[in-house]
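Peer 1: Protein sequence lines correspond, in order, to chains A, B and C. Sequence positions in the first sequence follow the numbering used here and run 1 to 261. Sequence positions in the second sequence follow the numbering used here and run 1001 to 1217. Sequence positions in the third sequence follow the numbering used here and run 2001 to 2218.
The hints are simulated quantities; they were obtained by calculation from the structure and are not laboratory data. Where a beta carbon is used, it is the ideal one built from N, C-alpha and C, also for glycine. Warning: the hint list may mix true and false statements.
Quick list of in silico lysine-lysine cross-link-like pairs, BS3-like style, CA-CA up to 25 angstroms [unchecked claim]:
hint	chain 1	residue 1	chain 2	residue 2
1	B	Lys1130	A	Lys173
2	A	Lys123	B	Lys1111
3	B	Lys1049	A	Lys121
Quick partial rundown of chain C residues pointing at chain B, CB under 7 angstroms, derived from the structure [as the list claims (entries may be wrong)]:
hint	residue
4	Leu2013
5	Phe2030
6	Val2067
7	Leu2071
8	Gln2138
9	Leu2142
10	Gln2174
11	Ser2179
12	Thr2180
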Amino acid sequence: MSTEQQTDTPMVEVRNVHKRFGDLEVLKGIDLTVDRGKIISIIGPSGSGKSTLLRSVNHLEVIDEGAILLDGVQVNRPDMKGLAFERHINHIRQNMGMVFQHFNLFPHLSTIDNVTLAPRKLKGMDKKTARELGMQQLERVGLAEKADVFPNWLSGGQKQRVAIARALAMKPKVMLFDEATSALDPELVEEVNRVMRSLAEEHMTMLIVTHEMSFARDVSDWALFMDGGVVVEESTPDKLFTNPEQERTRNFLHKHLGNNH
Amino acid sequence: MEFDFSPVVTYFPTLLKGVGVASLVALAVALMSIIGGLVVAVISIYTNKVVSWPLRFFIWLFMTTPLLLQLYFLYFGLGEWILIPAIVVGILGLGFHYMAYNADIFIATIKSVSDGQYEASRSLGFGHWKTIYYIIVPQALIRSIPQLGNNMILMVKDTSVLSAIGVAELVYASQYAISVSFRPFEFFIVIAIMYYVINILMELGQAWLERQTAYRR
Amino acid sequence: MDVDLMVEVTPLLIRAAWVTIDISSRAIFFGFFVACGLVFLQTFRFAPIRWFARGYISVIRGTPYFVQLLLVFYGGPSIGLRLDPITCGVFVGAFNIGAYMSEAIRGSIESVDSGQSEAARSLGFGKVQTMVSIVLPQAASLMIRSVGVLAIVLVKNSSLVSIISVVELTYQAQRLIGSTYKPLEIFTLSALMYIVIIYAVMGIIELAYRRAIRYTTQ
């Protein structure tokens, strides 16, 4: 913990990352730095590579070139193979919280068990401590009363909030949000946004891929516009959303701001 | 036509002993075929072709040939090497047969668990095998319950076939009584009724289990 | 493996395989009529007739085929039903698989969207006409598949008539294993023959299915 405070190493560093799916290059040399306690939003049309980039940070996509670092430790390790890499990546991922578009809650486990499974099985936490921790996280997302309910009985918004609590229970250094509200009915979006805002107030480091322009503008410290596998433009959210320099950014915002209050 | 059920009454303890043997066999086969089927399914999905192809071949072989033929093969085949009791051959034969059928179900249900589940577990830091153990397999098990139940109901009925290799279950147990009383109709009717009752109980149990786990699917 | 022995016993096994094919095909043929009868009985207004059909299906499905076979063959004479082994095999096979098939047929008919028959009725089609020219053509593909699966089950079940001394494939295999003590060779050959029979049945089902599916694909 103490070393964390002293260093000014960025929390996440993405250096010249390339990713190909067959012949198609979806990331064409991306650079990105997320400093401690900062919130970065990535916007862009679908197919721009923004989700692939986020998934690469969690190593759910294996990048072909470049480097990704979490708190100074390299995530992708082309030099490591087999079990050694498996151990390495499992350890790295315990420090990153990932939130998916389709929630991916475990349907066979109750809400509280969804939240406590990883602390118990990966950190060896005993059941009682884990439950206390799990309840804290559920309170944080406002769902303590749903602790013993199964995911199938929750609304989409509640599911996503539980998914956030599940990620938070591992005390991650950074939270990655992959279009966390895209699959939700419009009236359920706000409850998830509210939870994300409260995390922002606690200075959680966050990397957010989103379609919600106004939310991105409100909450982020820095915003990126991606298209065609490159970062077209990045700046403070106020500038990016009101006075972008690039034509492509303007066109994109013009198309999308209309639909997003 | 005159029916006389008194020999059935006289030999009822023998029949009950047959029920006992059949239940024991069914229980052993259920354990063997469910656990074994799950292991076979996991191995055949998650390992390389050298391991998975032979397994899939055996699943296919057990599913495309009759149980009785398999039993005879095992009975005479094993009998050549070692002297083992018929009941063991019966458990192994029925066990392998339904292991193949159960593995076939598990392969389908394991594959039906979405990739998102795997990714979510990996993103929390669970390793590949831990993800299979804590996330994939439990969900596949729950999804398998209806078909697994059907298989086990079929299996209990198939314990009657084991009389062909001399396992002292219901049919075999009644053979002597039938030969001295010469009342095959009465005995087989009673045996059929016993199976029918067990069958209905199992169907109720299956429905109950499905209800109990529906919300976890 | 003892190849000479395998060559020697092959004709015996082929002859036995023909018996298996004979019994199975007759049982499937008659079984289909039993099934249609059971489906028909369940459409009766008069409830006891429907109950009879439901009860029959439940009892047949709830008891082992093997016990049914023994009951009819050994117990049949005491109710005046004397059948030679092959006839008994066909008879019990047909009445057994008929119960399962009736459920398969009913299921495939019920799978056709009820809007289809409503639409037909609203056009002025009669009940029977609606069934024959609207519902059945659409149910056919699913029906062929599910009835086909049962035909394969019946082929495998036909091995059980060896118990009442019908010299079919499994009976012959068992006898040969007993006399030659070469279980692997005999099993390999007889398993191969079952596989050929079953794949032939699957081929027929697939052909019928392809013909039927023309109605259902838009």
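Peer 1: Which numbered conditions among the earlier hints are violated in the structure presented, ordered from lowest to highest?
Peer 2: 2, 3, 4, 5, 8, 9, 11 and 12
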